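Undergrad: Chain order of the listed sequences is A and B.
Here the working numbering is used: the first residue of the first sequence is 1, the next is one more, and so on.
Here the working numbering is used: the first residue of the second sequence is 319, the next is one more, and so on.
Think of the hints as simulated: they come from the structure by calculation, not from any bench.
Treat the numbers as computed from the prediction; the structure is a model and nothing was measured.
Any given hint could be a false lead.
Covered by chain B, according to a simulated footprint, are these stretches of chain A (three or more residues, beta-carbon under 8 Å) [to be verified]:
#	segment
1	167-177
2	193-199
3	206-212
4	238-247
5	252-265
We treat Cβ as the ideally placed atom computed from N, Cα and C, and that holds for glycine.
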Amino acid sequence: MKEKLSELKETVARLLKDRTVDFFIAYQAGHSQVEPIPFFLTTAEHVENLFLNNFCAHNLSKYLLDYLAGDEVVGVLAKGCDLRALKRLLTDHRVERGRVFVVGLPCIGIYDRKKVQEVYPAGLVEVVEEGEEVILRGETGDKRVPRKEYLLPRCLTCPDHNPEFYDLLLGEKVANGPLAEEDYSDVRALEEWAPGERRRYWTRQFERCLRCYACRNVCPACNCRVCCFDVAEPRWLGKGTSLDEQEMFHFTRAMHVAGRCTGCGECERVCPVNIPLMKLNKKLAKDIGALFHVPQAEIPTEVEPLGQFRLGDPDEFN
Amino acid sequence: MTKVLPQGKLKDFLKDTMDKYSLVAPVREDGVVVLKPTADPEAVVTDYLNTVTSPKDFFFPQTERMFRFQKTEGKIRVEETTWQGKRVIFGVRPCDLGSLELIDRVFQEGEYEETYYLARRENTTVVGLACSSPGPTCFCTTFGITPGSPEGADLMLYPDGEGFVVEVLTEKGEALAQQTETLLEDQDVDLAEVKGRFEGLKVPLGDHLSVDGVAAKLDGMFEHPVWAELSPRCLGCGICTYLCPTCHCFGMTDEVRGDQGVRLRCWDSCQFSDFTRMAGGHNPRPTKKERVRQRFMHKLNYYVHRFGRYLCTGCGRCLEKCPVGLTMVHVIEKVNDSGTREVAVNE
Ligand code: SF4
Ligand code: SF4
Ligand code: SF4
Ligand code: SF4
Chain A
1 MKEKLSELKE
11 TVARLLKDRT
21 VDFFIAYQAG
31 HSQVEPIPFF
41 LTTAEHVENL
51 FLNNFCAHNL
61 SKYLLDYLAG
71 DEVVGVLAKG
81 CDLRALKRLL
91 TDHRVERGRV
101 FVVGLPCIGI
111 YDRKKVQEVY
121 PAGLVEVVEE
131 GEEVILRGET
141 GDKRVPRKEY
151 LLPRCLTCPD
161 HNPEFYDLLL
171 GEKVANGPLA
181 EEDYSDVRAL
191 EEWAPGERRR
201 YWTRQFERCL
211 RCYACRNVCP
221 ACNCRVCCFD
231 VAEPRWLGKG
241 TSLDEQEMFH
251 FTRAMHVAGR
261 CTGCGECERV
271 CPVNIPLMKL
281 NKKLAKDIGA
291 LFHVPQAEIP
301 TEVEPLGQFR
311 LGDPDEFN
Chain B
319 MTKVLPQGKL
329 KDFLKDTMDK
339 YSLVAPVRED
349 GVVVLKPTAD
359 PEAVVTDYLN
369 TVTSPKDFFF
379 PQTERMFRFQ
389 KTEGKIRVEE
399 TTWQGKRVIF
409 GVRPCDLGSL
419 ELIDRVFQEG
429 EYEETYYLAR
439 RENTTVVGLA
449 CSSPGPTCFC
459 TTFGITPGSP
469 EGADLMLYPD
479 GEGFVVEVLT
489 EKGEALAQQT
499 ETLLEDQDVD
509 LAEVKGRFEG
519 LKVPLGDHLS
529 VDGVAAKLDG
539 MFEHPVWAEL
549 SPRCLGCGIC
559 TYLCPTCHCF
569 GMTDEVRGDQ
579 GVRLRCWDSC
589 QFSDFTRMAG
599 GHNPRPTKKE
609 RVRQRFMHKL
619 NYYVHRFGRY
629 LCTGCGRCLE
639 KCPVGLTMVH
649 VIEKVNDSGT
659 REVAVNE
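Construct the entire structure; sequences and hints are all you get.
TA: Given below as structure tokens:
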């Protein structure tokens, strides 16, 4: 991805100079190689600080919600998964297509910072790709590891590495198709457990939740004008933390994004205490797929499986 | 002679502790190390850089049930909750020891004392654990804390060879040392030398980051463009403030069901969009710019004016966990780099 940096710089500088966009959202270097961070560019001079590598995980299109009130045209860099998130916002009629300028970024997978940091707690200098392997080059030496094992989970099952649509594409398209089949093995494993065991597992997870709402705040499907958890009157969710309230939060959110979740995994990625939120989302996606006969429940469509009414519904809710 | 706890006796130390105290200690759970009440010494770990959650949770809990109330025959009966028990918090790192002293000032100094907090402080014995290898996110030395600083601990453990060199700092620490005395060996170890070794450890990030003059510079930076530049990427989540060992903002709320209810004091975060929303809908901090500015002005300026110290101990949690790298280090660097000319034109 790095190799596309100079093309990105030229592109963004041009878009800002000729006023195609009012500002552009991309990435800048963070505290270390493994943590690039979002970057809001307002002038062409800013392009010197652009940064790109295979740790650029953040879905930047969620930020569009912060600019609904104005009339700026916002440029945004989008990988395949980010485009699905943007499609979520467009399909939900939250963002107008005409106010977004999409620079598409073909992507062969983003590395999971947590997994890499287990191998290299500090001092990672660069990551070099060599086919199915990567070399993690650190201050103290190199480590050669299988590429697939260090990718974010979402990248393994990503159906479309090239953004579905864009105003401009950066570089060439890459070979498409998921690296691994989505077999919901995580969910199936949990389904095998005895109810009591499952209960203990989820209790431990929810009790650890801080209710920091980072999962909600990054989620492209959580795009309500006012979130029910932020409403003081009536109070749908108590301010206090307890297992009841945490469950209420998680079940409400999971059900509210059911059928609309894009499978981006951003919620799980940002959770500071490792709550396996994707297990909830995947369970719902799997069930929706099976019950409503949708092959890919996580790809936004104009008519959502749970957002329509059909007289011939099998109605298995008894 | 210096007391030493051999590595092999650590579990027994925790067991003996539990005879008299309830125990809160670092436990590894689903890949993260959290501070948690535990009754199982086997579950306690010591191989962490720092715990994800901080010890403030056990003095200033996320949800404090202050009192219950009930209406009967036109009268309201109020039943105050009091915290009882003796507790030990084990394995607190020097940065987090320092953070307790910072929150103490808020809840202790001035006209009102915060009795809930102080009751927990009084009845809790804090066991500190010096850091053998500071990590890439640590910058305690920026704030004058070192990997060996025991300030804030009742009893301090310095990992050394096959055990922990023990330093007793307070009466509470002395009581715990007596409780576990059969496990502590008197050895010919030079405590000052051991401490010196920890105090001298390199903290790469902290050693290069200076906060000198930052508070004074910020006096003139309320309207500085830096806030508009930094804030757009913020998610407005609670990660930084909830994990920070020094953040201490809260809100009060009554939960009422029929004739009875409970008053809760809950953590709140200046980064949440509804934090300053008033009845009637006005919000004096309407955008991320004002909220992000508040977080850093409070820590690097307002608190300094009130209490003479920075409200950060360099624990590195916001570096490790903020999803968008809007961290204390980044902001201090920004302030250090920001031109005085810009400062001058702004009020
Ligand atoms: S990000 Fe994690 S800790 Fe925060 S509210 Fe979501 S599940 Fe809870
Ligand atoms: S619920 Fe999680 S995986 Fe689904 S769209 Fe939201 S952030 Fe992405
Ligand atoms: S600074 Fe980071 S952790 Fe804090 S509210 Fe913003 S995004 Fe969340
Ligand atoms: S501001 Fe960040 S580094 Fe400082 S004490 Fe809080 S979490 Fe730790």
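Undergrad: Now tell me if each hint is right for this structure.
TA: Each hint, compared with the structure:
1. 167-177: violated (count 0)
2. 193-199: Contact hint for the segment 193-199 of chain A vs chain B: violated, 0 residues under 8 Å.
3. 206-212: holds (count 4)
4. 238-247: holds (count 5)
5. 252-265: violated (count 0)
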